[in-house]
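**Student:** Listed below, chain by chain, are the residues.
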Amino acid sequence: EDQVTQSPEALRLQEGESSSLNCSYTVSGLRGLFWYRQDPGKGPEFLFTLYSAGEEKEKERLKATLTKKESFLHITAPKPEDSATYLCAVRSNYGGATNKLIFGTGTLLAVQP
Amino acid sequence: DGGITQSPKYLFRKEGQNVTLSCEQNLNHDAMYWYRQDPGQGLRLIYYSQIVNDFQKGDIAEGYSVSREKKESFPLTVTSAQKNPTAFYLCASSAGRQGTSYEQYFGPGTRLTVT
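These protein sequence lines are chains V and W, in that order.
Just so we're aligned, residue 323 is where the first sequence starts under the numbering used here, counting upward by one.
Just so we're aligned, residue 5 is where the second sequence starts under the numbering used here, counting upward by one.
As a list, the in silico DSS-like pairs of lysine-lysine whose alpha-carbon atoms are at most 27 angstroms apart:
no.: 1; chain 1: V; residue 1: K379; chain 2: V; residue 2: K391
no.: 2; chain 1: W; residue 1: K61; chain 2: W; residue 2: K75
no.: 3; chain 1: V; residue 1: K391; chain 2: V; residue 2: K381
no.: 4; chain 1: W; residue 1: K61; chain 2: W; residue 2: K74
no.: 5; chain 1: V; residue 1: K364; chain 2: V; residue 2: K381
no.: 6; chain 1: V; residue 1: K401; chain 2: V; residue 2: K379
no.: 7; chain 1: V; residue 1: K364; chain 2: W; residue 2: K13
no.: 8; chain 1: W; residue 1: K18; chain 2: W; residue 2: K61
no.: 9; chain 1: W; residue 1: K61; chain 2: V; residue 2: K364
no.: 10; chain 1: V; residue 1: K364; chain 2: W; residue 2: K87
no.: 11; chain 1: V; residue 1: K401; chain 2: V; residue 2: K381
no.: 12; chain 1: W; residue 1: K74; chain 2: V; residue 2: K364
no.: 13; chain 1: W; residue 1: K74; chain 2: W; residue 2: K13
no.: 14; chain 1: W; residue 1: K13; chain 2: W; residue 2: K87
no.: 15; chain 1: W; residue 1: K18; chain 2: V; residue 2: K364
no.: 16; chain 1: V; residue 1: K385; chain 2: V; residue 2: K401
no.: 17; chain 1: W; residue 1: K75; chain 2: V; residue 2: K364
no.: 18; chain 1: W; residue 1: K18; chain 2: W; residue 2: K87
Since the hints were derived computationally from the structure, they do not count as laboratory data.
Construct the entire structure; sequences and hints are all you get.
**Tutor:** As structure tokens, then:
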């Protein structure tokens, strides 16, 4: 069964203190790994899609990377406005050719000034 | 502005009543989805539709029903058969069969409270 595990569950950083969030996955044929940001009480906001090992995507202070077993979301010199829950999801071959995504439980990031 | 709208933002119902949550998109996307989010759990798929007049059950469809009569609209009905309906409900859409991008775009959510 396809599975996505995110760690840590929660992370507290000081402003400017760089770190990484982890998303490990087991899927029957990865067809895309997705990162989202979710603010409290709001819908997730799409950040990145990664399709193959070695691929990297960047947006401001965020960089997502992908290996055959996991993805990292690197946050460089974070600011308080980066505080949010970061969700990881995968699309696989499981269940046929659908667009279903399987989500992890997220990492709650708090950046203190 | 293209996007997904969900209404209402907050919804309160008495136990035993059916309630319908609205979801509309103007992104011209083929595929639409309903998720439920509970504290400490990942998003769980309730129903999805890859094309108009067609939909499939997700992982937790019991106690829910949907319709997809128009490309833009995918309403979700929470029936009295759903044992724990209080949750945050999220609607999403994706290009689906139109193209090669599969990321889903989410609406702002509806928080349903049943007492």
